[in-house]
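Chemist: Residue numbers (our numbering), protein chains in the order written: chain A, 7 to 263; chain B, -11 to 143.
Since the hints were derived computationally from the structure, they do not count as laboratory data.
Among the hints, a few may not be true.
As the list claims (entries may be wrong) - Computed cross-link-like contacts, DSS-like style, restricted to lysine-lysine with a CA-CA straight-line distance of at most 30 Å:
# : chain 1 : residue 1 : chain 2 : residue 2
1 : A       : Lys190    : B       : Lys53
2 : B       : Lys67     : B       : Lys53
3 : B       : Lys67     : B       : Lys50
4 : A       : Lys78     : B       : Lys53
5 : B       : Lys50     : A       : Lys171
6 : B       : Lys67     : A       : Lys78
7 : A       : Lys171    : A       : Lys197
8 : A       : Lys171    : A       : Lys190
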Amino acid sequence: MLLQILLPLAEALPASDPELMAEEAPRLEIGQHFYWHLGQFDLHGQIFLSSWILIGALLSIVVVGTRQMGRKPGGLQNLLEFLWDYIRNLSRDQIGEAAYRDWMPFIGTLFLFIFFCNWGGALVPWRLVRLPSGELGPPTADINTTVAMALLVSLSYFYAGLSRKGLRYFEYYVEPTPIMLPFKIVEDFTKPLSLSFRLFGNIMADELTVSVLVLLLPLLVPLPMMLLGLFTSAIQALIFATLAAYYIGEAVHEEHA
Amino acid sequence: MICWFPLAEAPVPEGGLFDFDATLPLMAIQVVVLTFILNKLFFQPVGGVVEEREGFVATSHKDAKERLAQVQRLEQDLKAQLQQARQEAQAVIAAAEDEVATLHKAALAEARAEANQQRERERAEIETQRSAAGAVLAEESRRLADLIIQRLVAI
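Based on the provided sequences and hints, a complete structural model is requested.
Modeler: Here it is, written out as structure tokens:
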């Protein structure tokens, strides 16, 4: 639907001004992927390339920051400790004192990975690298990435609940009354759906808006939208991590504890 | 154009926004692997440092509190001792004052008694001297009277 609206628009706009139709004229590339073929499977290469670059950046910050850690923090250690503290508070608030330690790395990884993908996608000038088809961009603007993470969250909260409470976990479905059963079952499907589509939609929409604005008026006008995009990107990372922690916390929550 | 990857000859898929393919499981694996890597490189070491520091701060705080309590106890002790010493000094002073007062009274009484005694003695002596002088005067006046009588008789 969106494609049907936007692609003709993208093709129509530069064509209306033939002098701008140089080889370097901006194009709107939606839903085009740089395919890798692994045996009989297809992969979105641009997603992996940009995610490897961003993971590399994340890991290098972590490695450099944790090289010389002392009791008195300085430089990057401050930043890392701030992040660690932030993630600990987030997971402790949502999951609870008893179980947050097991899940903090997962929640933190989700937060950091999504945050780096979102901001990296917005701040790194990916367009400078040209691919045969498609373009580099935030990995979180691809539905595969967000669904993968949302499904991981689903698996995590099932695992968290089952490993902590055993089969008693399923009492959760009939609490406080058995009337809740169908709703709770539907919830198990809507949780990953909403998680993945919220993130994907926000990042994709930001990319699209900025792209269209750049296409129409390349100077200054897209800047407020880009700033707004940075803001929503950070918020989306926080929301994803908070909701993931909340779902896990819900699964490990003891009613009478 | 740079050749990014040895691309196998295969039909290029249609594409699209909602194009699910093997990217999904591979990305999931990638995130899980990243979780383990970050746990080893970030969460464990940073958590260790932060928790070590929190422990250090907590024990230092407890230590300081204990020391403060000890100082307060010692201060209380010293104050009590000071109070006691003051009271003792007060008692000593009072006793000394009492003693001085009794000594003073005794000395005064003794001196007064001695003075009285002396006065009595003096008075007695004066009395004897006066009576002696009286006797001498009486003798003299009798002799003069006799003399007068003799003279009158002789006339």
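Chemist: Are the hints correct? Go through all of them and say.
Modeler: Comparing the hints with the structure gives:
Of the pairs offered as hints, the one joining A:Lys190 and B:Lys53 is violated, with about 51 Å between alpha carbons and a cut-off of 30 Å exceeded. With a C-alpha separation of about 21 Å, the suggested pair B:Lys67 and B:Lys53 falls inside the 30 Å cut-off, and the hint holds. Between B:Lys67 and B:Lys50, the direct Cα distance comes to roughly 25 Å. Compliance with the 30 Å bound is thereby established for this hinted pair. In summary, the hint linking A:Lys78 to B:Lys53 is supported, as the alpha carbons are separated by about 22 Å, within the 30 Å threshold.
Between the alpha carbons of B:Lys50 and A:Lys171 the distance comes to roughly 37 Å, so the proposed pair goes past 30 Å and is violated. Distance check on the hinted pair: B:Lys67 and A:Lys78 sit about 41 Å apart at the alpha-carbon level, beyond 30 Å; violated. The straight-line distance between the Cα atoms of A:Lys171 and A:Lys197 is roughly 21 Å, inside the 30 Å bound, and the hint therefore holds. For the proposed pair A:Lys171 and A:Lys190, the alpha carbon gap of about 18 Å is at most 30 Å, so the pair holds.
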